[in-house]
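For reference, the chains in residue letters:
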Amino acid sequence: MFGLYESAFGALTWGNIVMIIIGGILLYLGISRKMEPLLLVPIGFGVILVNLPLGELMSSVINGQPVESYAVGGEPTGVISRIFHYGLAWEIIPVFIFLGLGAMTDFGPLIANPKTLILGAGAQFGVYFAFFIALLLGFTITEAASIGIIGGADGPTTIYLTNRLAPHFIGATAVAAYTYMALVPIIQPPIIKLLTTKQEREIFMKPQLRPVSNTEKILFPLIAAVVIILLVPKSAPLIGMFMLGNLLAVSGVTDRLAESAANALMNVLTVLLGLCVGCFMSADNFLKLDSLLVFALGIVAFATSTAFGVGLAKLMNLFTKEKINPMIGAAGVSAVPMAARVVQRMGQQANPRNFLLMHAMGPNIAGVIGTATAAGIFLGMLG
Amino acid sequence: MAQEIVEVPITGKVISVEVKVGDEVQEGDVICVIESMKMENPILAPVAGKITEIKVSTEQTVESGNTIAIIEY
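Protein chains in written order, with the working numbering: chain A, 1 to 383; chain B, 384 to 456.
Source of the hints: derived by calculation from the structure; they are not laboratory data.
One or more of the hints may lead you astray.
What the hints assert, rightly or not - The calculated DSSO-like cross-link candidates involving lysine-lysine, where the alpha carbons are at most 27 Å apart (straight line), are:
{"hint": "1", "chain 1": "A", "residue 1": "115", "chain 2": "A", "residue 2": "198"}
{"hint": "2", "chain 1": "A", "residue 1": "206", "chain 2": "B", "residue 2": "433"}
{"hint": "3", "chain 1": "A", "residue 1": "314", "chain 2": "A", "residue 2": "198"}
{"hint": "4", "chain 1": "A", "residue 1": "193", "chain 2": "A", "residue 2": "206"}
{"hint": "5", "chain 1": "A", "residue 1": "288", "chain 2": "A", "residue 2": "217"}
{"hint": "6", "chain 1": "A", "residue 1": "217", "chain 2": "B", "residue 2": "403"}
{"hint": "7", "chain 1": "B", "residue 1": "438", "chain 2": "B", "residue 2": "396"}
{"hint": "8", "chain 1": "B", "residue 1": "438", "chain 2": "A", "residue 2": "193"}
{"hint": "9", "chain 1": "A", "residue 1": "115", "chain 2": "A", "residue 2": "34"}
{"hint": "10", "chain 1": "A", "residue 1": "321", "chain 2": "A", "residue 2": "193"}
{"hint": "11", "chain 1": "B", "residue 1": "396", "chain 2": "A", "residue 2": "288"}
{"hint": "12", "chain 1": "A", "residue 1": "193", "chain 2": "A", "residue 2": "323"}
{"hint": "13", "chain 1": "A", "residue 1": "34", "chain 2": "B", "residue 2": "438"}
{"hint": "14", "chain 1": "A", "residue 1": "193", "chain 2": "A", "residue 2": "288"}
{"hint": "15", "chain 1": "A", "residue 1": "206", "chain 2": "A", "residue 2": "321"}
Unchecked claim - One side of the interface only, derived from the structure: several residues of chain A facing chain B at Cβ under 8 Å:
{"hint": "16", "residue": "106"}
{"hint": "17", "residue": "136"}
{"hint": "18", "residue": "138"}
{"hint": "19", "residue": "140"}
{"hint": "20", "residue": "207"}
{"hint": "21", "residue": "337"}
{"hint": "22", "residue": "348"}
{"hint": "23", "residue": "353"}
{"hint": "24", "residue": "355"}
{"hint": "25", "residue": "358"}
Where is the CB? At the ideal position from N, CA and C, for every residue including glycine.
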């Protein structure tokens, strides 16, 4: 049968139209401005898809009633809600993304300059700052933890923690975390500029770090996994997979596995994850007070993490003879490698001799460990 | 005239060389782009001057410390 009554035009709401425009903006930023296209293109397209009514991409059944969106505790029936349910809610995708991240990570800068570990830890203060703000605003303690973790700028960790503590917020926190990760090049520079002088941004750091031996590279993921998991047992799934992925890359005998984890597996998971996150941004899911508040608090968390990272780097400069460029503290949020890339670009703008990438990768990688550990601490206390 | 040696800051592959011998460059101009850690990293001129030597070419794998170019200023 053909006819207008079969189309979805009549079901289109103003909310859908607003969200389709937002999806279009995300696509524009990804494609035309080349801002984190691997994240923004699938997310933006997902936003548009899910806001075309009657597609049933995220539909589910709860208490025998079919609903248009993903229902926590219900049975997923749409194709994307199934991927979301079995991939994300069952925590499969986040941990395998950590395997791929580990295979893509070079711990060399962190091993060569271990004091950058402090910067990665310092940037986690934003997580706790936003956690307390969320508590003050009346969110429950588990919801506040899920909101705070957005400050770590680590999508898989945010999804992992929210799913355990406040599953009804998983869409809002995941969307916030991934959106802010993708928007790192827009969000971080004004905060960094506000907190640093031109002279501080010009501080030159020698590009070469000390060479790191293969033995050190092999021992690091093993020792780090054992120590961190013994300290924070609930971080085991994320930290364990992260360190395994890295061991595959540095062992020298599992190149094929590392190659697959870092490329093919990671690419597949990125598409699935991006699409799922985008498809969570339906108008009825996203355009409501709670979700918008989570989104707003997410940027507070992210901005304060950046600020604390820069502040801690400046503090370290008071006690060290060889000054560090305080911008590398901003890379302590774990958006790898976006935050390090922002610092690298700003460092070059301030002083063309500067090449801060390797220096920023230390806190950046430490930030991943820090956020996963912060999530483990929340889980240990509240899970 | 003083010379400035521009060195490779990070091991990687040269994906483009943006200047040639004899070119005048300004501080901050892109000399070449090195791909490393899955990122394209522009290498900038640290001073304004004239390119007198270029030691890298496109597709070449380079290691940190290698000379990219010499600028007279």
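We went through each hint and held it up to the structure:
Under the criterion of a C-alpha separation no larger than 27 Å, the hint pairing residue 115(A) with residue 198(A) is consistent with the structure, at around 24 Å. Pair hint residue 206(A) plus residue 433(B) holds up; C-alpha atoms about 24 Å apart against a cutoff of 27 Å. Distance check on the hinted pair: residue 314(A) and residue 198(A) sit about 13 Å apart at the alpha-carbon level, within 27 Å; holds. Under the criterion of a C-alpha separation no larger than 27 Å, the hint pairing residue 193(A) with residue 206(A) is consistent with the structure, at around 22 Å.
For the hint pairing residue 288(A) with residue 217(A), the CA-to-CA distance comes to about 47 Å; that exceeds 27 Å, so the pair is violated. Between residue 217(A) and residue 403(B) the CA atoms are separated by roughly 39 Å; this puts the pair beyond 27 Å, and the hint is violated. The straight-line distance between the Cα atoms of residue 438(B) and residue 396(B) is roughly 13 Å, inside the 27 Å bound, and the hint therefore holds. For the given pair, residue 438(B) sits about 36 Å from residue 193(A) by alpha-carbon distance, which is inconsistent with the 27 Å threshold.
The hinted pair formed by residue 115(A) and residue 34(A) fails the criterion: a straight-line CA distance of about 33 Å is larger than 27 Å. For a cut-off of 27 Å, the pair hint linking residue 321(A) to residue 193(A) stands: about 24 Å separates their Cα positions. Straight-line distance between C-alpha atoms of residue 396(B) and residue 288(A) comes to about 48 Å, which puts the hinted pair past the 27 Å bound. Among the hinted pairs, residue 193(A) with residue 323(A) is consistent with the structure: their alpha-carbon atoms are about 18 Å apart, no more than 27 Å.
With a C-alpha separation of about 31 Å, the suggested pairing of residue 34(A) with residue 438(B) is violated against the 27 Å cut-off. A hinted pair counts as satisfied when its Cα atoms are at most 27 Å apart, and residue 193(A) with residue 288(A) does not qualify at roughly 33 Å. At roughly 14 Å between alpha-carbon atoms, residue 206(A) and residue 321(A) fall within 27 Å of each other, so this suggested pair holds. Because the closest C-beta pair between residue 106(A) and chain B is about 7 Å apart, less than 8 Å, the hint holds.
Against a cut-off of 8 Å between C-beta atoms, the interface hint on residue 136(A) is violated, since the closest Cβ of chain B lies about 39 Å away. Annotation: residue 138(A) was flagged as interfacial toward chain B, and the flag is violated, the nearest CB pair being 42 Å apart, outside 8 Å. Nearest Cβ of chain B to the Cβ of residue 140(A): about 40 Å, over the 8 Å cut. The hint is violated. With a cut of 8 Å, the hint placing residue 207(A) at the interface with chain B holds, because the nearest CB-to-CB distance is about 4 Å.
About 6 Å separates the beta-carbon of residue 337(A) from the nearest beta-carbon of chain B, less than 8 Å, and the hint is met. For residue 348(A), the suggested interface contact is upheld, since its CB lies about 6 Å from the closest CB of chain B, less than 8 Å. A cut of 8 Å between beta carbons decides the hint on residue 353(A): the least distance to chain B is about 4 Å, and the hint holds. Taking 8 Å as the C-beta cut-off, the interface hint given for residue 355(A) holds, the closest approach to chain B being about 4 Å.
Because the closest C-beta pair between residue 358(A) and chain B is about 6 Å apart, less than 8 Å, the hint holds.
In the structure shown, a violation is registered for the earlier hints numbered 5, 6, 8, 9, 11, 13, 14, 17, 18 and 19, in ascending order.
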